[in-house]
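As they're listed, the protein sequences go chains A, B, C and D. First residue of the first sequence: 1, per my numbering; consecutive thereafter. First residue of the second sequence: 1, per my numbering; consecutive thereafter. First residue of the third sequence: 1, per my numbering; consecutive thereafter. First residue of the fourth sequence: 1, per my numbering; consecutive thereafter.
Any given hint could turn out to be false.
When the alpha-carbon atoms are kept at most 25 Å apart in a straight line, the in silico PhoX-like pairs for lysine-lysine are as follows [to be verified]:
1. A:Lys355 to C:Lys196
2. D:Lys196 to D:Lys303
3. D:Lys303 to D:Lys314
4. D:Lys196 to B:Lys355
5. B:Lys303 to B:Lys196
6. B:Lys175 to B:Lys196
Hints are computed from structural coordinates only; laboratory data are not their basis.
There are 4 protein chains.
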Amino acid sequence: MSSHYGENIQLTIFGQSHSPAIGVTIDGLPSGIPLDLEALQQFMNRRAPGHNEWSTPRSEADRPEFLCGLHDGITCGAPLTAVIHNRNTRSGDYDSLADCPRPGHADLTAYLKYGPHRDYAGGGHFSGRLTAPLCIAGGICLQLLAREGITVMARIRSIADVQDDTPFLCSVADKEFPASDDAAGARMRQRIAEAKADGDSVGGIVECLVLGLPAGLGDPMFGGMENRMAAAIFAIPAVKGVEFGDGFEATRLRGSENNDPFAVENHRTITTTNHCGGILGGITDGMPLVVRAAFKPTPSIAKPQQSVSLTEGKETTLQVHGRHDPCIVPRAVPCVEAAAAIAVYDAWLSQQKYKEVPHGVE
Amino acid sequence: MSSHYGENIQLTIFGQSHSPAIGVTIDGLPSGIPLDLEALQQFMNRRAPGHNEWSTPRSEADRPEFLCGLHDGITCGAPLTAVIHNRNTRSGDYDSLADCPRPGHADLTAYLKYGPHRDYAGGGHFSGRLTAPLCIAGGICLQLLAREGITVMARIRSIADVQDDTPFLCSVADKEFPASDDAAGARMRQRIAEAKADGDSVGGIVECLVLGLPAGLGDPMFGGMENRMAAAIFAIPAVKGVEFGDGFEATRLRGSENNDPFAVENHRTITTTNHCGGILGGITDGMPLVVRAAFKPTPSIAKPQQSVSLTEGKETTLQVHGRHDPCIVPRAVPCVEAAAAIAVYDAWLSQQKYKEVPHGVE
Amino acid sequence: MSSHYGENIQLTIFGQSHSPAIGVTIDGLPSGIPLDLEALQQFMNRRAPGHNEWSTPRSEADRPEFLCGLHDGITCGAPLTAVIHNRNTRSGDYDSLADCPRPGHADLTAYLKYGPHRDYAGGGHFSGRLTAPLCIAGGICLQLLAREGITVMARIRSIADVQDDTPFLCSVADKEFPASDDAAGARMRQRIAEAKADGDSVGGIVECLVLGLPAGLGDPMFGGMENRMAAAIFAIPAVKGVEFGDGFEATRLRGSENNDPFAVENHRTITTTNHCGGILGGITDGMPLVVRAAFKPTPSIAKPQQSVSLTEGKETTLQVHGRHDPCIVPRAVPCVEAAAAIAVYDAWLSQQKYKEVPHGVE
Amino acid sequence: MSSHYGENIQLTIFGQSHSPAIGVTIDGLPSGIPLDLEALQQFMNRRAPGHNEWSTPRSEADRPEFLCGLHDGITCGAPLTAVIHNRNTRSGDYDSLADCPRPGHADLTAYLKYGPHRDYAGGGHFSGRLTAPLCIAGGICLQLLAREGITVMARIRSIADVQDDTPFLCSVADKEFPASDDAAGARMRQRIAEAKADGDSVGGIVECLVLGLPAGLGDPMFGGMENRMAAAIFAIPAVKGVEFGDGFEATRLRGSENNDPFAVENHRTITTTNHCGGILGGITDGMPLVVRAAFKPTPSIAKPQQSVSLTEGKETTLQVHGRHDPCIVPRAVPCVEAAAAIAVYDAWLSQQKYKEVPHGVE
């Protein structure tokens with residue numbers, strides 16, 4: 001199940017950081033849907049490395065090549081497979097990692113699970129590079145959701161101790177640095193620059209909204225929107241926490257504060273606040289869905305760190321070379337959108353099955 | 001998929017708060033394993049209502065009745081089904097809820113998804129009562145894990161603003177109030193009592209440790225331990241956030257602070273700190289797995305709240321009667337253990353498939 | 001996966017022949033659908049034992065008791081669980097089987113797979129009795145399909161060497177002996193009576209039609225209607241072959257004979273023959289779906305047979321006592337309908353997801 | 001689910017006959033296993049077209065290109081993806097099929113399901129060409145099974161009315177025409193040649209043995225070996241029936257004839273006959289597993305056939321051009337081995353989870 005997601009669309013992500021190619025297969029897409037490949041590329045570009053001071057200088061075009069499932073830019077109903085060939089690989093950088101795992105990385109656990117034949121170069125299948133095929137799939141789901149009037153948008157909510165508490169009112173997709181408040185964004189960039197100067201890294205929080213959602217998506221218990229979205233978002237490397245609505249802060253509120261009062265607006269039940277993040281009992285209530293993902297600081301840092309030699313079984317000091325982001329969070333923003341879009345579109349398809357039931361799901 | 005979980009064991013949870021019975025089927029259990037039904041009952045009792053001032057006075061024996069899969073207390077390889085008959089139901093309490101959904105509850109979304117024929121009594125399939133079958137399954141998994149030397153233990157980490165920051169060194173399963181530090185526990189109980197006195201409720205955080213885990217459990221991407229555990233834990237009603245290791249706090253650290261240095265101990269690689277919560281790249285590293293779940297305050301409160309009449313389509317004031325916990329968190333402690341045990345046992349079974357691979361998974 | 005089926009509805013079957021109860025959980029049913037419980041019972045009665053000379057005299061009421069998911073006879077959207085309590089158990093009959101497996105039965109393989117703790121009484125989870133919950137689920141799916149104008153009907157096509165080659169034009173559900181041609185049916189009953197008189201048994205073929213199917217159900221490759229239906233029908237004990245349309249006979253035809261010519265009727269493409277059994281490329285073409293299942297002769301026979309003592313590891317002669325059908329085929333007719341209905345309804349739900357796609361699936 | 005198979009390995013097949021590439025992803029393979037790519041290629045060659053008079057002259061190298069999951073020919077634990085680029089495509093041949101579906105083909109149902117944007121060229125995703133990635137996956141599983149002492153071998157059992165009833169004692173993989181008895185093989189080739197001369201086609205039956213299987217593989221009900229194998233084998237285009245052991249013939253036997261007597265050999269229980277085809281109750285008994293697949297005659301024939309114009313909605317005569325096999329059966333032999341190997345390896349992995357259970361599964 002490692003690389004699979006979905007009940008109605010079925011996603012399969014494959015590839016290693018330095019294998020000939022990485023890619024994704026999506027099965028279950030509707031047929032006859034034109035995809036805007038230019039828009040998809042622009043979405044991919046938001047994730048792509050090498051464009052600014054806070055990301056790795058590794059420069060990959062990250063242009064999806066469609067092997068099947070798409071004909072003249074229109075889905076044909078067959079599984080869609082898109083790959084990205086890995087061109088700018090510099091595996092030599094990683095030779096020292098064969099023996100010496102990077103703290104905070106999957107290097108050790110990949111070795112413990114898969115043994116000496118795991119692909120360690122660039123983190124192998126555990127590399128953040130695998131978020132590129134995630135974004136191909138997510139970018140396609142974003143377009144399918146947009147056809148239904150559903151919008152997914154994410155922003156940086158915090159970097160290190162700098163928080164952007166302004167309301168999240170409009171997309172930041174066009175900004176070079178995807179924070180709502182540019183003043184906060186400037187302080188965030190400063191934290192990143194400071195960390196970079198120290199050979200260190202910082203983390204942060206990405207906040208994502210889903211707007212235009214119909215009520216009734218998601219299922220009880222294990223099929224809740226929280227379960228579905230967490231199962232997708234935790235696939236992004238470095239995510240260590242996921243919360244909905246007020247999330248961990250809600251634990252400090254009283255019920256009378258946290259319960260969202262119901263009201264009627266345009267003959268429809270709404271909530272006058274949204275502490276629950278648009279989800280009650282695992283099911284969307286028609287208000288904006290709010291989810292936040294906590295990203296740990298990038299584990300690859302230039303500072304010397306204590307590691308071990310796997311072959312010699314003794315401690316050693318590791319100095320990581322190669323190209324790394326001092327902060328992954330800005331590039332993670334579209335990844336969270338992608339994971340959210342995948343989970344939401346899958347749940348949306350699920351609900352379509354019952355559209356004709358007599359009681360009339362909205 | 002609403003009521004299903006698992007790749008290797010397959011869990012199916014069924015029932016409504018006031019249906020004739022609730023229960024669970026677990027398929028994929030090994031055959032020939034004696035279950036300690038007394039220990040299972042004691043585990044169930046930790047979740048059961050009616051035993052103290054902070055839980056609902058609804059008194060259910062919560063005694064699992066085994067319909068199949070168990071023969072003389074020993075698993076026989078066939079799917080195991082256990083049910084609990086709902087005896088002490090007082091559905092009359094809920095008649096007013098047919099028209100008037102409780103804020104913060106699934107009443108509204110159940111109506112929007114399933115229409116007028118949803119079972120609203122006691123929250124139906126969305127009731128916290130469904131954690132009883134979750135605990136049957138989890139209690140069985142706890143016993144199976146114990147055979148492998150794996151222990152799961154949870155405690156209250158915080159209630160409202162009261163936090164227990166003492167180290168989590170030993171089980172609190174025998175305590176009436178499951179906090180590590182009794183002084184903090186006393187303050188937590190006070191917060192609960194205050195809320196109850198006000199006809200209100202409070203939330204909190206449950207922290208769970210998994211000890212004795214072998215390295216190598218979990219899979220990359222969607223199959224990571226974080227994904228698997230979040231997908232199980234979010235099935236517990238009122239959970240709005242899940243984090244691993246330092247979780248959201250890790251976003252404030254630098255890489256050099258958050259990366260756990262590797263060291264060698266007894267010919268085995270360990271980490272000298274555990275900010276990552278025992279999971280790197282989705283895969284266990286052999287250190288304690290640390291997960292925390294944020295519980296919102298119980299939505300059912302005595303205070304009048306603003307709701308709507310579903311039939312009349314206009315706003316109204318709701319006063320919830322019936323029996324409710326002013327704080328669900330103490331009873332949620334075994335539920336988190338149950339969900340964690342289910343996810344871990346399922347991942348453990350998954351890894352068994354590769355035990356004989358030449359490189360020798362630990 | 002042993003007891004699970006379905007992508008859109010999720011079936012879980014549980015129980016052993018002599019456990020306290022057997023049953024089924026169906027998740028994913030639409031909400032608000034009234035079930036005709038009387039019709040369901042009549043469907044169950046067609047499978048129930050004890051009503052005539054060719055079935056076991058074990059008399060079970062086989063009345064489903066609904067634990068949840070159904071409210072006043074109307075589905076409520078929550079998982080539906082129905083159980084049948086095993087009352088008329090005579091486990092003493094089976095004591096000798098603990099050591100001595102019945103040839104042709106799962107007794108040996110259950111022992112080899114599950115060890116000494118498998119439940120051998122009455123065949124345990126492998127008993128034909130588990131087709132009762134299959135029929136509960138199938139009977140419900142039949143009613144859901146009927147709402148869409150889809151009919152499933154099966155008949156005996158052959159018993160031993162007696163074949164009914166008359167066209168299958170109308171349901172035989174009301175007949176005591178479910179063959180289309182009563183003369184052939186009389187000869188079939190004679191074969192059964194002869195076998196019974198000899199302490200022996202006979203097998204046969206059940207043929208099933210699905211009428212009123214829309215075109216477009218099923219998916220390519222592993223998701224084909226053949227794959228889906230075979231995966232369900234092989235769950236019925238004693239089935240050793242499944243074929244569609246002309247099936248094995250098609251291997252003797254030439255392409256020009258086997259290809260079904262297309263024609264236009266009422267602005268719709270039809271085939272003028274139906275060698276393909278209504279399925280092309282795994283997908284329904286709108287013509288009647290035709291499937292046949294081969295049932296081996298009942299393995300439980302009164303004649304002495306060569307077996308082994310599992311504990312002593314040496315050969316021995318086994319004489320099976322207890323109650324057994326000399327021919328399972330008449331009672332298998334509703335079971336095949338049930339399995340077919342489950343597979344078809346699951347595929348039908350799958351297709352609903354794409355109903356609104358612009359090209360307009362029929 | 002159309003292109004997915006497996007519980008423990010997860011197969012995803014993608015591609016269309018004339019898309020840029022076709023391929024397969026296999027997730028869940030053990031790490032550290034060297035694959036014999038030369039042997040894999042030889043296996044692929046048995047399926048490849050263009051080598052003799054009974055197959056289409058379309059000549060594709062069918063050389064898998066490994067995009068990931070394999071490092072120096074050794075599995076690395078990450079999902080393995082292999083693709084074959086479609087080079088020798090002649091889509092012009094298929095232009096007439098856009099409007100006029102070939103009888104016996106998926107052309108009509110693909111149109112009805114996916115609409116005008118389905119990829120009709122060469123049958124699109126429904127093409128027999130998709131068995132090439134099936135054979136990549138199957139060829140890998142064959143090698144993994146061989147490491148466990150498990151052998152899978154298939155042969156032609158019949159073509160049209162010519163049957164090879166000689167015992168299936170050894171592999172025919174090295175034969176140009178894969179029948180056991182060369183005299184029967186010569187008559188089969190004659191039938192193919194006759195059909196070809198008539199612009200027609202013939203079908204046949206492929207028989208497959210699995211040797212060296214441990215007892216205990218498979219699960220009851222939906223997880224039986226019959227269900228698992230049928231779900232895989234029906235993915236091969238043109239298969240219209242699947243049977244195990246004596247299959248449909250068993251319906252003519254009495255229980256006393258069909259039941260396989262048990263005996264003891266080398267301290268192990270065997271059966272002295274094998275009417276059940278090595279499967280009792282869905283679970284392997286340690287004897288050879290026997291499965292047969294019925295292949296209909298190739299639907300693409302040169303003879304004029306009655307079809308319809310989809311756009312004009314009226315009947316027309318179709319003459320199929322392009323390259324087609326007068327008999328697909330010889331090339332289907334490795335495909336059946338592939339599907340069987342995939343199903344068996346998946347079931348074998350499943351059973352590994354319980355290897356350490358105290359009762360000692362063999």
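Hint check: Lys303 of chain D vs Lys314 of chain D, CA-CA at most 25 Å. Holds or violated?
holds, 20 Å
Decide if the proposed pair is consistent with the structure: Lys303 of chain B and Lys196 of chain B, CA atoms, cutoff 25 Å inclusive.
holds, 10 Å
Regarding the pair Lys196 of chain D and Lys355 of chain B, is the alpha-carbon distance no greater than 25 Å?
violated, 52 Å
Assess, step by step, whether the Cα of Lys196 of chain D is no farther than 25 Å from the Cα of Lys303 of chain D, and give holds or violated.
Holds: Lys196 of chain D and Lys303 of chain D sit about 10 Å apart, inside 25 Å.
Does Lys196 of chain B lie within 25 Å of Lys175 of chain B when you go C-alpha to C-alpha?
Within the cut-off at roughly 21 Å; holds.
Pair hint outcome, Lys355 of chain A versus Lys196 of chain C [Cα-Cα no greater than 25 Å]
Judged against 25 Å, a Cα distance of about 52 Å means the pair is violated.
Of the numbered hints stated above, those contradicted by the structure are hints 1 and 4, listed in ascending order.
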